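Next come the chains, spelled out residue by residue.
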Amino acid sequence: MNSPVQNWRLTKNIHTKVGKVGVVVSWTKVYVAPSGFEHETPYYVAIVEFTKGNRITAQVVDCESDPQIGDKVVTVIRRIGKPKAAEVIQYGIKVKPNAKQK
Amino acid sequence: MKVTIAGIGMTKFGELWDKSVFDLAEEASSRAIEDSKIDSKKIEAVFVANMLASKLDGQDHFGAVVTSILGLSVPAVRVEGACASGGLAMHAAILAIMSGMYETVLVLGVEKMTDPSSCEITTALMGAGSEEERLSGLTFPALYALMARAHMEEFGTTREQMAEVAVKNHFHASLNQHAHFPFPISVEKVLRSPSISFPFTLFDSSPISDGAAAVILTKKSVKKGIAITGSAVATDTIGLTSRKSLITLAATKIASRKALKQAGISLSDIDVLEVHDCFTIAEIMAMEDLGFCEKGEGGAFIASGQTRLGNKMPVNTSGGLKACGHPVAATGIKQIVEITEQLRGNALNRQVRNAKVGLTHNVGGTGATVVVHVLTK
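Here the protein sequences line up with chains D and C, keeping their order. Residues 0 to 101, numbered by numbering that gives the first Met the number 0, are exactly what the first sequence covers, in order. Residues 0 to 376, numbered by numbering that gives the first Met the number 0, are exactly what the second sequence covers, in order.
Any given hint could turn out to be false.
Unchecked claim - 20 Å max Cα-Cα, derived EDC-like pairs, lysine to aspartate or glutamate:
hint, chain 1, residue 1, chain 2, residue 2
1, C, K36, C, E102
2, C, K243, C, E131
3, C, K243, D, E48
4, D, K83, C, E130
5, D, K81, C, E130
6, D, K28, C, E152
7, D, K81, C, E119
8, D, K81, C, E131
9, D, K71, C, E152
10, D, K19, C, E131
11, D, K28, C, E159
12, D, K51, C, E153
13, D, K51, C, D270
14, D, K51, C, E131
15, D, K71, C, E153
16, D, K83, C, E119
17, D, K11, C, E131
18, C, K355, C, D270
19, D, K95, C, E131
20, D, K16, C, E130
21, D, K16, C, E131
22, D, K28, C, E131
No wet-lab data here; the hints were simulated from the structure. Bear in mind the structure is a predicted one, so any value in this text is a computation, not a measurement.
Work out the full structure, taking the sequences as your base and the hints as a guide.
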């Protein structure tokens, strides 16, 4: 159950995390998902590194083929999963291929 | 540390639709008590390992559940450390005996996982990861897949080498009447099974299982008792992103070095071991991190057949998590039960000849908790 206050805590600094370019360190393609993500399968999740040791895990979106280790990606704000009827819509950080790279 | 295993017991592992978490707890506990030939009234404390009954059965307060079942009014606590709950409960029970407060205690690991849908259980198991990982849509297969992908990239570890772990452990399980999957499989079967999380298929993954395992520990001298000579726990960051390395479990290194030192032995003294193969890559990394081969050579080491029953260093003779099954909190206790059977010489057609020293390696989450025990005949 996600709540408005939980969402507020998770997203209060989200504006500082957008538009950052990082590198894919590892990735997977998820076929069996947890609750709230079933409708998105299969989807990609990567570990992305910005400066050395500064890493996040995030879904990879707007991506037409398998990511590759070493690919540059950029952080974006997206809806996270699908809320249940009484829950609020959650937003968070995902990454997409960095267009400027090409 | 003068702590002896006086009795062991376990249920069959598998999809046991006719048994509740309470039935499983009772079955394993009574078998361990019966095996110990110690009167249950002599049990002075109970340590229960359980991860999911709170979420899945609405049952908190599991310590008192078990003493109710056994008709005891002694102290009882529940210990939780995700998939390392069993190993942690062992550690807590050993400390309780070493403190001098208790002479004989029961340790039980129990989990009932097959009632919910795979989606619900996948979500529940993510309780062992970090908040960031949950919000990224990650699952446990996916987290280990991230480690596997990095291992493949850095060392050229292959899908076939990973599949060999599953093939070996299914062969061992085919000799174990308690195993969830007591039948052999082939490398092709592993590679062609449905994708779970790239690069893993269904047969790279340990199953969702029901089951329980229990042991009676005592400081009294016991005929044919198996001694616990090492018990160590180490922790690491809860999430993968804060780790220095994706291809090693630092906590495995710390806990195993400590446990071996306590036991006063080296790796070459070990005759048989149970390691935490929740996914095929986990057994490969465990062999490297424990020190049986160099980092990066785990895939080739296992593919060489050395860890298969009958060869130099049998690993996961029970069938491991992969094929014996993985009722999460029961796993750490089941490892102790299997090594005890081996050291007693009672492992029947999966007996390792002249086994005198055994080791168990139990991991919680992606390596945020690791528990290692050394058992000696």
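Query raised in the report: Given the proposed pairing of K28(D) with E159(C), does the C-alpha separation stay at or below 20 Å?
Result: 19 Å, holds
Report task. Could you grab the alpha-carbon distance between K243(C) and E131(C) and see if it respects the 20 Å cut-off? Result -> 17 Å, holds
Query - Pair hint outcome, K81(D) versus E119(C) [Cα-Cα no greater than 20 Å] - result: This hinted pair holds, its Cα atoms lying about 15 Å apart.
Query raised in the report: Straight-line Cα separation of K83(D) and E130(C) no greater than 20 Å?
Result: Since the Cα atoms of K83(D) and E130(C) sit roughly 18 Å apart, the hinted pair holds (cutoff 20 Å).
**Report entry** Restraint status (C-alpha distance of K28(D) to E152(C) at most 20 Å)
**Finding:** 16 Å, holds
Requested in this report: Assess, step by step, whether the Cα of K81(D) is no farther than 20 Å from the Cα of E130(C), and give holds or violated.
Outcome: 17 Å, holds
Query raised in the report: Taken at face value, is the distance from the CA of D270(C) to the CA of K51(D) at most 20 Å?
Result: It is violated: about 41 Å lies between the C-alpha atoms, which goes past 20 Å.
Query raised in the report: Does E153(C) lie within 20 Å of K51(D) when you go C-alpha to C-alpha?
Result: Given pair K51(D), E153(C) holds - Cα atoms ~18 Å apart, limit 20 Å.
Query raised in the report: Is K71(D) within 20 Å of E153(C), Cα to Cα?
Result: 19 Å, holds
Report task. Take a quick look at whether K71(D) and E152(C) sit within 20 Å of each other, Cα to Cα. Result -> Measuring from Cα to Cα gives roughly 17 Å; hence the hint holds.
Query raised in the report: Under the criterion that the straight-line Cα-Cα distance not exceed 20 Å, is the pair K243(C), E48(D) satisfied?
Result: 12 Å, holds
Query raised in the report: Keeping to a limit of 20 Å between CA atoms, is the pair of K28(D) and E131(C) held or broken?
Result: 17 Å, holds
In summary, the one numbered hint that this structure violates is 13.
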